[in-house]
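Protein chains: 2
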Amino acid sequence: MTAEILAVGTELLLGQIANTNAQYLSVRLAELGINVYFHTVVGDNAARLGETLKRALNRSDIVITTGGLGPTQDDLTKETISKTMNRELVLHEDILENIRNFFAKRHRTMAEINKKQAYLPENSIVIPNPNGTAPGCIIEEGDKTVIMLPGPPKEMQPMFEETVFDYLKRKTGVILVSKMLKIIGIGESELVTRLMDLIESQDNPTIAPYAAQGEVTVRVTARCSSHEEAEALLAPVVDEIRSRLGIMVYSENGQSLEEVVYNLLKENGLVIATAESCTGGLLAGRITNIPGSSEVFERGYVTYANKAKNEDLCVSWETLSKYGAVSRETALEMLNGLRKKTGASAGVAITGIAGPGGGTPEKPVGLVFIAAYVNDKVLCRRFEFMGNRERVRNDACLHALDTVRRLILGVEQQ
Amino acid sequence: MTAEILAVGTELLLGQIANTNAQYLSVRLAELGINVYFHTVVGDNAARLGETLKRALNRSDIVITTGGLGPTQDDLTKETISKTMNRELVLHEDILENIRNFFAKRHRTMAEINKKQAYLPENSIVIPNPNGTAPGCIIEEGDKTVIMLPGPPKEMQPMFEETVFDYLKRKTGVILVSKMLKIIGIGESELVTRLMDLIESQDNPTIAPYAAQGEVTVRVTARCSSHEEAEALLAPVVDEIRSRLGIMVYSENGQSLEEVVYNLLKENGLVIATAESCTGGLLAGRITNIPGSSEVFERGYVTYANKAKNEDLCVSWETLSKYGAVSRETALEMLNGLRKKTGASAGVAITGIAGPGGGTPEKPVGLVFIAAYVNDKVLCRRFEFMGNRERVRNDACLHALDTVRRLILGVEQQ
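The listed protein sequences derive, respectively, from chains W and X. Start counting the first sequence at 1; every next residue gets the next number (this note's numbering). Start counting the second sequence at 1; every next residue gets the next number (this note's numbering).
By construction, these hints were calculated from the structure, which means they are not laboratory data. A portion of the hints provided could be inaccurate.
Note: identical chains are not told apart, hence a pair may lie in one copy or across any two.
[Unchecked claim] With a cut-off of at most 30 angstroms between alpha-carbon atoms, the simulated BS3-like pairs for lysine-lysine come out as follows:
no. : residue 1 : residue 2
1   : K116      : K363
2   : K341      : K182
3   : K363      : K105
4   : K363      : K154
5   : K116      : K54
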């Protein structure tokens with residue numbers, strides 16, 4: 001089965017937004033085993049859209065369009081496709097009612113132009129839009145299918161997930177089940193090397209590694225006809241990957257590292273405090289990104305200057321001058337000061353050189369010491385991170401979280 | 001003049017990456033006054049690529065391809081285009097030498113397959129690639145032009161900027177000069193309303209507003225034949241926008257709010273301290289993102305729990321229980337405590353409800369108090385931010401920076 005994706009919108013051709021919808025849909029179609037041979041973007045122009053649609057229908061089984069379902073005159077996807085496929089547009093009273101309610105809930109009145117959105121091609125399947133006013137629709141014509149979705153990803157994605165994915169699954173007779181293994185402490189190329197034989201020999205499940213912002217993810221996806229079958233296919237592969245990577249695998253369901261640490265802290269009745277130098281508050285910011293983090297986090301210190309390390313965390317001037325602010329000794333004194341000051345059951349201290357300036361041959365940019373305690377266990381680790389300032393700071397936050405995770409799990413070293 | 005962008009690569013059709021190249025190129029082409037009517041993505045398939053190229057050459061003056069210039073058999077853009085346009089591929093000894101040097105510099109030997117990259121269509125203009133092994137090229141054929149660029153943005157963008165942009169500028173005879181006005185304290189729709197008459201009546205310079213992550217940007221772009229002419233066109237429009245928006249415009253050259261505040265602090269010999277509750281360290285993290293921030297920032301406190309507000313910043317239990325942690329009174333006591341503790345010449349305190357939980361009818365999610373001082377001037381502001389937790393925290397950081405900026409500039413209210 002082949003598909004192509006046809007995005008409609010002059011804003012795409014002006015570069016005001018990237019065509020992320022095509023990427024999103026392509027990933028999901030690939031998982032369904034549907035081949036995508038073309039992406040096309042056209043502007044809000046009926047002639048070019050009609051011509052492109054005809055060509056797409058000639059060469060592909062399924063055409064998915066995004067965009068052009070809005071209320072204005074520029075929005076002409078539905079009108080052009082209906083005309084091309086010789087279908088009337090008919091008013092759906094229930095959709096009109098939904099649109100009116102959508103505005104009423106937001107204490108606004110529906111503008112007359114929005115009525116246009118309640119018209120759909122005759123004999124089409126409605127795709128409800130819980131997050132906006134434009135419903136989508138599916139037209140079947142012989143062995144060809146046209147699926148129309150709106151442009152905003154926040155509307156398009158839920159509609160695809162809630163209606164279209166199942167529709168296509170029924171068409172292909174396939175279900176897909178994935179595990180998202182998230183991994184820290186190993187680069188993407190090293191990971192690929194360790195899993196190469198599995199990646200190359202596996203066809204079902206497939207194993208797809210990818211890296212983003214210092215974290216590596218491996219998606220293991222089984223294609224089959226039932227959930228039981230999928231689980232049976234996935235389990236041995238996940239076990240094999242876990243046995244090769246050990247403690248480096250921190251979640252199986254795509255959870256972020258801060259979520260994993262938040263849950264571990266909560267389950268163990270721990271409260272964590274932070275002391276940050278080079279990360280400048282980013283670690284605390286990351287922990288408090290999680291709703292409910294006040295259960296496990298009470299306070300943090302950003303001790304950027306030596307004076308602050310001394311006054312707020314009792315790091316001695318002697319240590320600072322003898323070993324320097326970026327040293328194991330300073331990290332451990334920051335940690336001790338933090339424990340004394342807060343009485344928290346867990347703590348983490350970070351000091352390092354984020355760059356671009358400040359590096360020396362002995363202490364290069366990227367050198368970071370991370371010290372952590374959980375009750376009476378203490379661990380201090382030394383890292384040399386690569387990359388720019390942002391990357392070093394991000395990696396330092398991730399490994400600070402990971403150090404706490406290792407302490408709680410009682411696995412202090414790999 | 002019309003152009004279309006043709007991206008080649010199966011990884012795009014699998015959704016492994018988004019077609020950000022098309023977006024990038026579209027923005028630059030729009031600035032040159034070149035109309036883009038189509039983006040197309042095809043896989044690594046000679047038949048589909050050849051057919052798509054022919055169609056593109058039929059309907060557009062310029063076709064820009066990205067991708068498919070690598071050394072492997074899958075990379076067939078150059079080969080397919082040369083065949084379609086009846087050109088021989090000829091070996092360029094100097095390019096081969098460059099490729100060998102590229103590897104030598106990295107202490108590696110050139111693989112035999114890379115030799116393929118030194119072949120280019122006869123009578124084409126070479127586009128040097130300082131960041132990789134694949135050069136690009138330009139083929140002119142009558143009034144049609146094909147421009148081939150590699151896929152990786154880190155190679156493609158410099159090649160476009162250093163060679164192709166000027167080539168196209170000579171073709172169109174146009175230069176473009178932009179000012180990026182960055183604005184805080186007004187939403188995009190309100191901004192558009194205030195500038196509507198300018199946006200609609202202006203053709204040169206053009207005025208393009210857009211919004212991202214709580215900040216609004218207006219790009220004013222003049223098209224003309226000299227820099228002097230451009231400046232003369234831009235100045236009155238920028239002045240008019242500034243006169244309508246006043247203090248809300250914080251930069252003209254695209255600088256971020258933290259950079260603007262960092263420069264203001266530095267110029268005025270100020271050092272700032274932070275006290276954060278709902279933003280949990282993100283404000284300090286943002287300030288310390290700037291290399292050299294240690295000149296203006298020594299320390300910050302993340303006082304997430306009431307106990308921390310009391311112990312670290314001397315907020316009284318009476319205030320906390322009488323007015324609540326999210327109140328003007330608590331914000332001001334946090335600020336006073338911060339000043340006493342640090343002796344810093346500037347400070348900012350934030351307390352609010354980031355959500356999703358914790359809101360009440362009197363104190364809804366999104367309610368944030370921001371207090372700041374600069375020397376002896378103090379300002380406390382109340383905000384009700386919209387959106388999810390991330391958005392509220394981000395907006396709180398931005399307005400905390402803006403409050404400091406207003407104090408330093410001596411413009412406490414709009």
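> Out of the numbered hints, which ones does the structure contradict?
Replying inline: 1, 2
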